[in-house]
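Asker: In case you want the letters, here they are:
Protein chains: 2
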Amino acid sequence: MGVMEAAHPYMPVSMELPGFHPALMSQAFILATYGGASAVVVLIVWLLSGSVAKLRTVDRLLMCWFAFSGLTHIILEGYFVFTPDFFTFTKPHLLAEVWKEYSKADSRYVGRDPTVVVIEGITAVLAGPGCLLAVYAIATKPVYEHTLQLVVSTAQLYGDIVYFATVILKGVEICLPGPVYYWFYYIFMNGIWVVIPLLISFRSWGAINRAFASTKKKSA
Amino acid sequence: MGVMEAAHPYMPVSMELPGFHPALMSQAFILATYGGASAVVVLIVWLLSGSVAKLRTVDRLLMCWFAFSGLTHIILEGYFVFTPDFFTFTKPHLLAEVWKEYSKADSRYVGRDPTVVVIEGITAVLAGPGCLLAVYAIATKPVYEHTLQLVVSTAQLYGDIVYFATVILKGVEICLPGPVYYWFYYIFMNGIWVVIPLLISFRSWGAINRAFASTKKKSA
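Here the protein sequences come in this chain order: C and U.
Heads up: the first sequence at position 146 corresponds to 128 in my numbering, and the numbers run straight through without jumps.
Heads up: the second sequence at position 164 corresponds to 146 in my numbering, and the numbers run straight through without jumps.
Hints were generated in silico from the structure; no laboratory data involved.
Warning: the hint list may mix true and false statements.
No copy labels: a pair is met if it fits in one copy or bridges any two.
Derived BS3-like pairs (lysine-lysine); straight-line CA-CA distance at most 27 Å [stated by the list, open to error]:
| id | residue 1 | residue 2 |
| --- | --- | --- |
| 1 | 198 | 73 |
| 2 | 36 | 123 |
| 3 | 36 | 152 |
| 4 | 199 | 36 |
Given only the sequences and the hints, what does the whole structure look like? Please build it.
Answerer: In structure tokens, the structure reads:
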């Protein structure tokens, strides 16, 4: 519109981002803040869960996971879903800067790819609160403790399969070169939500099986 | 490449479909065949399930649903996933004709939209066999009967949310005008896999809750 657009650092170079404003925070600051905040959350949940009677170590670790996962879904991913113009911000805002940075590994974020927005929407609005409810459920052992974990983990897995597989099928370059962007941001940070939900799904599937087995034994 | 391409009937008109060959079977024939084959499947499962002792009517109806759903996933949707060139076929092939016809309601099929291919891939390869296993599980009552139904239904729901929501976000016209394409093919035929999985999820969630409640009561 007559105004020069700033060139953006994302792949593909041809992508148009009207109003793009370059990053205002360093990679080190962003990673340290997200890593530090996550560590604080995990530490708090670990310490608090220590005062709940009868909780085993695996339960306490799962509470830490669901707290970290749920807050990431709601705060980080929720911000992305409801802030389509985060890449135009001219003043430093931590959450906007996180997505400017992460888009270097997956430019579908800054480019507002509909599939990514939908997956993130489901994750932020449904899986996120589901994770926080799971923290509570693991501590208090209601009847839906394992059902909830299984459903939330299945949804996370489904989302991650669509997330990775659409990139392979589209065959478009979305990631800047370099091991940090590809292996750490793209593969590792998303792979976490493949591996851990898969383990939780197996565990909760087994726990439900044992409940039914016990019911059948006692009613036989 | 020098050869004139046949014009295609899909939306948007600008979509390129190299090698497209027009439909070779009528809408009435395709719908009657799919409807008739589905009715035969439902009838067979209904009759066979009548000979299984202790099955309630709702169990028998669910077996019919999972048989119909699983065979649709594996045969129809599986064919789509693994036949990217179905729209170029010059000889009549029922499954290719089904997708030429359905693409009038959702041209992402003939256009091989990556998100649709991924969802259909998960549905055909994972949910389809899961549905057939559910038919067996409802009849034989293993400990995983309700867990399997819940996971399969959650996956179907997730897929359908992504399926519908990406269309809304993209804002691209994919459906021919007319109530049959939009309301019957697009809304109704996909809406089935929203409503029924939602009902099954609630039912199986409740059944698992009762199993845990019974376990806790008996161990108390």
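Asker: None of the hints should be skipped; say for each whether it holds.
Answerer: The hints, checked one at a time:
{"no.": "1", "hint": "198 / 73", "result": "neither (62 Å within a copy, 55 Å between copies)"}
{"no.": "2", "hint": "36 / 123", "result": "within (10 Å within a copy, 32 Å between copies)"}
{"no.": "3", "hint": "36 / 152", "result": "neither (49 Å within a copy, 50 Å between copies)"}
{"no.": "4", "hint": "199 / 36", "result": "both (25 Å within a copy, 18 Å between copies)"}
In summary, the structure is inconsistent with hints 1 and 3 from the numbered list given earlier, while agreeing with the others.
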